[in-house]
Amino acid sequence: MVSPSQHILCIEDDAETAALIAEDLQDRGYVVSTAADGHEGVSAILKTNPDLVLCDINMPGMDGFEVMRCLISLSPQHEAVPFIFLTARTDRDSELAGRRLGADDYVTKPVDFEILAAIINARLGRGARNEVWSRQVALNERELECLTWSARGKTSPEIATILGLSKRTVNFHVENACRKLNVSTRTEAVVKATSGRLINP
Amino acid sequence: MHPHSIRVRLYSVSALIFLLVIGLGVLGFARLSDVNLASEGIRNHWLRDTRILGDLSNYMSDYRTAEATYLLSSTPLEFAASAKEIATLQAAVSGSQRAYEEIAQDPSDAALYAGFSSQWRAYQAVAGRVVASAREGRTAEAISLYNTDSRRAFDSSSDLLSRLTDQTVVKTRRDSEQAAETYRHARTIVMMAMLLVAGLLLGVVIYISRSILGPLLELVNNMHRLADHQTDFTISSIGRNDEIGEMARAVAVFRDNAVALMTSQRRLIEQAAALEAGLENERKLTARQRDFVSMTSHEFRTPLTIIDAHAQRLIKTCDRLESADVAERGASIRGAVQRITNLMDSLLGASRVLDGEAVFHPCDCEPGGLIRDACQVHRDATRGVVIVEEFSHLPSAINGDPKLLFHAFSNLISNAIKYSSPGSPIEVSAGAEPGWLVMQVRDHGIGIPARERDRLFERFFRGSNATGIAGTGVGLHLVAMVVALHQGEVFAESLEGVGSRFVIRLPLKTA
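In the order they appear, the protein sequences are chains A and B. Just so you know, this note's numbering puts the end of the first sequence at 201, numbered straight through with nothing missing. Just so you know, this note's numbering puts the end of the second sequence at 712, numbered straight through with nothing missing.
A portion of the hints provided could be inaccurate.
Derived lysine to aspartate or glutamate pairs resembling EDC-like cross-links, with alpha carbons at most 16 Å apart [what the hints assert, rightly or not]:
1) K604/B / D546/B
2) K619/B / D112/A
3) K517/B / E114/A
4) K285/B / D263/B
5) K517/B / D27/A
6) K619/B / D37/A
7) K517/B / D37/A
8) K517/B / E23/A
Just so you know, these hints were derived from the structure itself, not from any lab.
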């Protein structure tokens with residue numbers, strides 16, 4: 001458990017359930033906000049750009065499916081945000097409907113918080129599998145920063161200015177990164193780091 | 202073979218026609234031979250008589266002329282020639298006489314001929330004297346004899362011959378007329394026979410067309426109508442005891458079969474429609490039952506989630522728990538358990554009532570207390586809910602099953618809460634009208650679409666605008682059944698988006 005706290009939005013009409021989920025996830029180091037119905041949920045997603053959405057299905061006014069449909073049509077740029085249904089609807093038709101909409105997972109109530117946390121972790125790229133390569137490569141923070149800015153199209157002098165380093169130091173970090181990633185050019189390093197999700201330009 | 206059968210009749214008719222033809226032929230031949238006989242008599246008798254008599258007359262004139270020629274002869278040559286001619290003519294007359302005598306004559310002709318014959322012999326004798334006188338040179342005597350005795354004898358015989366000729370001609374004419382008459386008679390008879398046969402044939406044709414072809418065509422027509430699915434016709438020849446009757450009865454059987462077939466087809470179609478409708482109902486009910494099961498599961502899982510979540514939190518935080526924390530979580534867990542219990546009660550109650558197993562235990566109970574309790578239960582179960590009670594002139598007792606009535610009241614209140622936004626007031630009022638207890642629940646929630654209001658109390662029915670709101674579709678059905686058990690009535694008024702008002706009216710026992 002590391003790094004900047006990630007933001008989870010929980011859309012749940014039962015206040016008590018919402019409070020309990022928030023309590024547990026906060027305990028695990030996430031920042032959790034709640035929305036009491038579908039409309040509120042959609043506007044919260046658009047406003048706060050959460051890293052992951054947990055959404056109930058049965059809600060007055062606008063149900064979970066509609067939230068997802070609304071999100072798909074209103075804001076395609078949120079397609080990468082993991083979207084997990086957390087619902088008491090256990091029937092096959094509902095699960096199929098949810099998964100066909102493209103939900104990343106479909107979790108039924110009552111919920112085991114350990115399992116919920118594991119699912120969320122995996123979706124946020126923190127699963128054991130997700131971290132093998134980054135641990136093996138073990139780029140340090142400076143190297144990651146330099147590659148990120150390179151990916152954004154900055155030259156070494158510009159990166160040096162941005163990071164308050166000398167141009168020589170920037171080049172040094174980039175060369176280290178190339179060596180660790182086992183490539184020979186800066187472009188190759190940027191592509192490999194991006195596709196391996198080491199950086200997010 | 203039946204004596205009335207068409208075959209027998211056709212054979213009889215054919216035999217009749219055959220006999221008629223034979224009879225007509227025989228009659229024709231008979232008449233023909235009559236005519237032939239008549240014309241043969243004329244040809245063989247009268248024509249020959251006439252010809253012979255004509256010849257006789259000629260020969261006689263020639264004889265007389267030859268007699269005169271002899272008188273006038275002056276040379277021996279001339280005498281010889283005339284004598285020869287006289288001899289020749291005498292032979293010719295004798296030949297004709299013989300020919301005439303060969304023919305059988307009737308008595309009047311025979312008498313006349315005998316007269317003539319003797320006169321002719323007399324004349325010949327006189328003529329012989331004339332010739333002899335002339336030959337001996339007594340010319341004057343001869344001439345005088347020629348002009349007197351000879352002439353008289355000749356005239357007399359000639360006269361007799363002409364009378365005979367006239368008589369023969371008259372008889373010939375008479376026989377010709379008789380032959381013509383015979384022919385006409387035969388013609389009339391043959392024509393009448395032909396007319397009779399033609400009439401008979403016409404009768405046969407009319408009989409066949411009336412008694413066979415007409416009924417046959419009618420049967421064909423009936424079959425065509427059957428083919429067009431028409432069965433409302435009468436078969437007139439059904440009572441006949443011949444082949445037509447057989448066919449008519451067969452057509453009747455056909456018609457009866459067709460009617461039976463049509464009836465059974467109609468019944469099949471009706472049954473299929475009924476089955477289809479039943480199946481459709483069954484499908485709808487099954488779908489609603491499936492919804493009911495999944496909603497029921499959902500309803501249980503929601504409070505279970507809360508209980509489970511609290512339990513997990515308790516386990517995880519057991520090292521840093523404070524007693525107030527534990528108490529609060531305990532209260533929450535108990536609230537959730539209460540929700541489950543209520544749910545189970547209502548479902549069990551519902552299933553008891555729905556399956557007809559409900560034990561209806563009416564007793565005198567106090568309606569105000571029941572309604573107040575129902576309100577209170579919901580105040581406890583749902584935080585922040587506002588239920589306004591308003592009672593007026595409530596009867597102190599009503600005859601009913603308190604458990605069931607409580608369920609009904611509680612259900613209406615629960616619905617009002619469920620379909621309203623949090624915090625919007627629920628108004629519960631109760632009062633009395635003459636003979637009735639009236640309880641009503643009013644909310645300001647989402648309302649019920651007008652077109653669904655009739656189906657509101659159907660089992661498993663859920664409003665189209667209730668999506669996303671937990672519910673089983675059993676509650677209102679249960680209310681309706683409970684009210685029916687109490688011989689009361691329940692109805693709803695609602696405006697979509699504005700709110701609903703449910704009214705229960707229960708009869709008060711006057712006793």
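Verification of the hints:
1. A distance of roughly 10 Å separates the Cα atoms of K604/B and D546/B; the hinted pair therefore holds under the 16 Å criterion.
2. Only pairs whose Cα atoms come within 16 Å are accepted, and K619/B paired with D112/A is rejected, the gap being roughly 28 Å.
3. In summary, the hint linking K517/B to E114/A is supported, as the alpha carbons are separated by about 10 Å, within the 16 Å threshold.
4. A distance of roughly 13 Å separates the Cα atoms of K285/B and D263/B; the hinted pair therefore holds under the 16 Å criterion.
5. At most 16 Å may separate the alpha-carbon atoms for a hinted pair to count; K517/B and D27/A meet this at roughly 10 Å.
6. Proximity of K619/B to D37/A is assessed by CA-CA distance (about 14 Å); at most 16 Å being required, the pair is judged to hold.
7. Between K517/B and D37/A the CA atoms are separated by roughly 29 Å; this puts the pair beyond 16 Å, and the hint is violated.
8. For the proposed pair K517/B and E23/A, the alpha carbon gap of about 12 Å is at most 16 Å, so the pair holds.
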